[in-house]
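J.: Protein chains in written order, with the working numbering: chain A, 1 to 389; chain B, 1 to 330; chain C, 1 to 136.
No lab work stands behind these hints: they were computed from the structure.
There's no promise every hint is true.
[Stated by the list, open to error] A few chain C residues that don't get close to chain B, going by computed Cβ distances all over 12 angstroms: (1) M21; (2) S25; (3) K27; (4) A40; (5) G42; (6) G44; (7) D45; (8) G53; (9) T82; (10) E85; (11) I101; (12) V103; (13) G104; (14) R106; (15) G134.
[As the list claims (entries may be wrong)] Here chain C is said to cover these stretches of chain A; the calculated rule only asks that three of the stretch's residues, wherever they fall, bring their Cβ under 8 angstroms from a Cβ of chain C: (16) 27–37; (17) 126–134; (18) 137–143; (19) 148–162; (20) 198–210.
Where a beta carbon is used, it is the ideal one built from N, C-alpha and C, also for glycine.
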Amino acid sequence: MRVGVLGVGKTPHKIQHEKSLRDLIVEAGRAAIIDAGVTPGDIQSLYVGNVGSVGFNFENSTGLMAAHHLGVVPAGAVRVEAACGTGAWALHLGCVAIMSGLYDTVMVLGAEKMNDLATVEGTSIIAQAADSKEEYFSGLTFPSGVALTARKYMQVYGLTEEDLAHTSVKNHHYGARNPMAHLRFECTVDEVMRSAKVADPLKLFEVCPMTDAGSALILCREEILRDQPDKPQIFITATAMGTGTWYAASDTLDDAHALLARPAQKAYDMAGITADDVDVAEIYNSFAIQEPLGIEALGFAEMGKGWQGASDGSTWIDGTVAVNLSGGLLCKGHPLGATGSTQAVDIVEQLRGTAPEGIQRADAQIGISACRGGPGAVGAIHVYQRLEG
Amino acid sequence: MTDVAEIQRYGAYLPKPRTQVSDLHAFYGRPGRPRSRTLATPALDEDALTMAYEAADEALGAERAPGAIISVSQSAPFGLRKMSSTLARALGLATDTITMDLAAHPAGLMDAFAVASALVADRPVLVVASDHVVTYEERVCDMLSAGGASAFLVGSSGGFCRLGASARFSQEIYDVWKLGTEGEPRYRLEVLFDAYQAAAKGAFAALEKATERPASGYAAVAASQPHPQTLRGLGKLGVSAEQNTHTSFVGEIGNIGAASVGLSLALAFDAAQAGQHVLAFGYGAGEGIAQDIEITSAPPTIAAKERLAGESITIGTYYRWTRGRQAEPH
Amino acid sequence: MTVSAIEFSRLGPPKLRLYAMRCASCKTLQPWWEKFHCYACGTGDLSEEELAGTGELTNYTVVYYPPRDFLGQEPYVVGHITMDEGVLMPAPVVGVAPDDIAVGTRVKATLRRMKLGHEGDIYYSQKFVVDPAGTA
Chain A
1 MRVGVLGVGK TPHKIQHEKS LRDLIVEAGR AAIIDAGVTP GDIQSLYVGN
51 VGSVGFNFEN STGLMAAHHL GVVPAGAVRV EAACGTGAWA LHLGCVAIMS
101 GLYDTVMVLG AEKMNDLATV EGTSIIAQAA DSKEEYFSGL TFPSGVALTA
151 RKYMQVYGLT EEDLAHTSVK NHHYGARNPM AHLRFECTVD EVMRSAKVAD
201 PLKLFEVCPM TDAGSALILC REEILRDQPD KPQIFITATA MGTGTWYAAS
251 DTLDDAHALL ARPAQKAYDM AGITADDVDV AEIYNSFAIQ EPLGIEALGF
301 AEMGKGWQGA SDGSTWIDGT VAVNLSGGLL CKGHPLGATG STQAVDIVEQ
351 LRGTAPEGIQ RADAQIGISA CRGGPGAVGA IHVYQRLEG
Chain B
1 MTDVAEIQRY GAYLPKPRTQ VSDLHAFYGR PGRPRSRTLA TPALDEDALT
51 MAYEAADEAL GAERAPGAII SVSQSAPFGL RKMSSTLARA LGLATDTITM
101 DLAAHPAGLM DAFAVASALV ADRPVLVVAS DHVVTYEERV CDMLSAGGAS
151 AFLVGSSGGF CRLGASARFS QEIYDVWKLG TEGEPRYRLE VLFDAYQAAA
201 KGAFAALEKA TERPASGYAA VAASQPHPQT LRGLGKLGVS AEQNTHTSFV
251 GEIGNIGAAS VGLSLALAFD AAQAGQHVLA FGYGAGEGIA QDIEITSAPP
301 TIAAKERLAG ESITIGTYYR WTRGRQAEPH
Chain C
1 MTVSAIEFSR LGPPKLRLYA MRCASCKTLQ PWWEKFHCYA CGTGDLSEEE
51 LAGTGELTNY TVVYYPPRDF LGQEPYVVGH ITMDEGVLMP APVVGVAPDD
101 IAVGTRVKAT LRRMKLGHEG DIYYSQKFVV DPAGTA
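Put together the whole structure using the sequences plus the hints.
T.: Quick look at the structure:
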């Protein structure tokens, strides 16, 4: 069962003090509506991914706000939240809605406006995605929780900080070429190593910024897209979700692997493909270490070897599989609720062949997105394919 | 008071950060010569209770069933909430442990010794003195106020020293008032020096009457508020510089309030030998309390002197900590 | 100024005494927050068990950008301590320079303020210090 991608849209990913949360929602939503060639009235259900508008912006009911200002009333609208996996969960619900046969056309939208607050407040709100009342009360933050994973990974596989720094170099090489990315500069291993410490061993260039952005997709039944052969024939052919432990204390490397490996296997089976078939991947990397973890979980490398691709070129644009040609979260930033939907939009652009110059994988046919949240709690996989009728 | 009350074990805690007093004087534009090189400054996550916990834990050692805890502190917020009961829970002591707070001046440790002596018949009593006297915001640098804690396990036997006779002297004192141009009344340090010496004189005389031992007859004197001026006052009463050796910490870490007599005792015990006598003296609000402590056997040592050295913090860190307690992020 | 929900929490790490949860069925000892069911075997009979307070630092990081309650204390060490009873606990390690700490360092629990307390209540809990008795 396939879900047609009728249209996509996104705002620039950056600090946007001049815009409010609703501005981002409307900008991304309208872009997708125009791209899809539909009217707001055609949308039968709206799924809005947003993590923290109550904390970041002091407003709530983001789903209803989006429905009103995008003009999709009277269709149903709901806000979806699952930590950093929020956007991917909105996409999952959109896919399920189409696959169930209940709806013909739905909209999936993710948005987050994080820069209404200073970093220290933002850090505290982000920490609420984990158990901020119990575990993270101990002085942990999201960067430091993941830093523990990084240190464990380095120890178990005998790696140095330089080994892991290549991941940031690759992401920034492509991020510099993505006009929609937040951080647009290239850097060397040496510059990564010299960047400010955030949570040892993670350094500034291995940590995503706090970003304001929105992104959206219009999904439809397969036949609706098939009936419009002039449109790019991009389909979501698999959607699979899972959970793992909510606590850093019980998040072993095996757990971190299984979090994405379990839904990835489900998704490959559902789409009828294998890891070898994938051309482009968007892998969650709010912290650089999460990219090799994702590469391993998706089956592109053995455990402990996922970092090598950024160093030997096999995950670069002309490698075996191109990973994070958008620059990943390290460059796009991590607008929490929008991250999952932006990954989807970026893969769709790759398959359509409309990605910006310098980051378009030649003849990309099959793409995959892997989103992680919690950071050990949510695993989300989607497979996308160009299937010309 | 029972016939015999002995100190079985003791502990002392000093926070590691050290603020340079010359920095403080320069920063706050305070005239005069710093009387202490550095102040032992509790870290942002420390206060009178956490310091008391550290000292108490050391003094208890393997003894986990004292009959009572007596805590002595002048520091906020422990006028409003009971430190001793919180401390008992933190130490995991039985719920029937008697807990009592003495909201006290720096001689409170001797008050606590008196109460403890009356309670030690069955089980030992833990006496803890802990202070960080002034809040960061209303710091009065002249007082050299720093943070620290000391603790003593008092029992009816098995100790290395005997709590002997004590004597008191008290007179009415007016030490908080304001001069014409000052906005608010403040503690007058100049009154302290005179009153301190008067109280010491009275208490020493009374103690000598009971023990027939003059002040010069003690191996060491452990006195509160060991400011150079107050020590000079004790000198006039026959206390030599050598006897005051264990109060010299004030030059290293400042005055730690109710904990300071205890720290001085801990330093003295570390160096004491059987047969010697140590004189404890505390002063506050016109009252002086002196007590004779007889060393009966070689004390266990805790090397308290090594703790006088800390790690220097910058005035910038100090400022962040002072403002930091209320600070909102930018 | 946004008020964090954490401010009003009545949850949090163990307060004055360090404890973990013991499963009556499979005997696994797990962190204090596992109070509804056993993370190992899924059964529901858990009881609090006091810990001796000593353990080994098995993983750690140094935080340079703290959350609000730790402002002014950065950089500070926070890590996973494997208690001698076998359970893994997240906690800060204080009183030691980040350079002087390593995986394998022996640590023991002490009492510290966990929050700055500017909202009224003072929030005490366990932090860890290097255990001088444990370096042998």
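J.: Hint by hint, note whether the structure agrees.
T.: Status of the hints after comparison with the structure:
1. M21: Holds, since 17 angstroms exceeds 12 angstroms.
2. S25: At about 27 angstroms from chain B, C:S25 clears the 12 angstroms cut-off, so the statement holds.
3. K27: holds (23 angstroms)
4. A40: For C:A40, whose nearest Cβ neighbour in chain B is about 27 angstroms away, the distance exceeds 12 angstroms, so it holds.
5. G42: holds (31 angstroms)
6. G44: Non-interface label on C:G44 holds, nearest chain B Cβ at 27 angstroms vs cutoff 12 angstroms.
7. D45: holds (24 angstroms)
8. G53: violated (9 angstroms)
9. T82: holds (21 angstroms)
10. E85: holds (15 angstroms)
11. I101: With a cut-off of 12 angstroms, C:I101 remains clear of chain B, as the shortest Cβ separation is near 15 angstroms.
12. V103: At roughly 23 angstroms from the nearest Cβ of chain B, C:V103 sits farther out than 12 angstroms, so the non-interface label holds.
13. G104: holds (23 angstroms)
14. R106: Since the minimum Cβ distance to chain B is about 17 angstroms, C:R106 lies beyond 12 angstroms and the statement holds.
15. G134: Given a closest Cβ separation of 15 angstroms, the condition holds.
16. 27–37: Coverage by chain C is violated for the stretch 27–37 of chain A (0 residues, Cβ < 8 angstroms).
17. 126–134: holds (count 6)
18. 137–143: holds (count 6)
19. 148–162: holds (count 4)
20. 198–210: It holds, with 5 qualifying residues against the three required.
Violated hints for the displayed structure, listed by number in ascending order: 8, 16.
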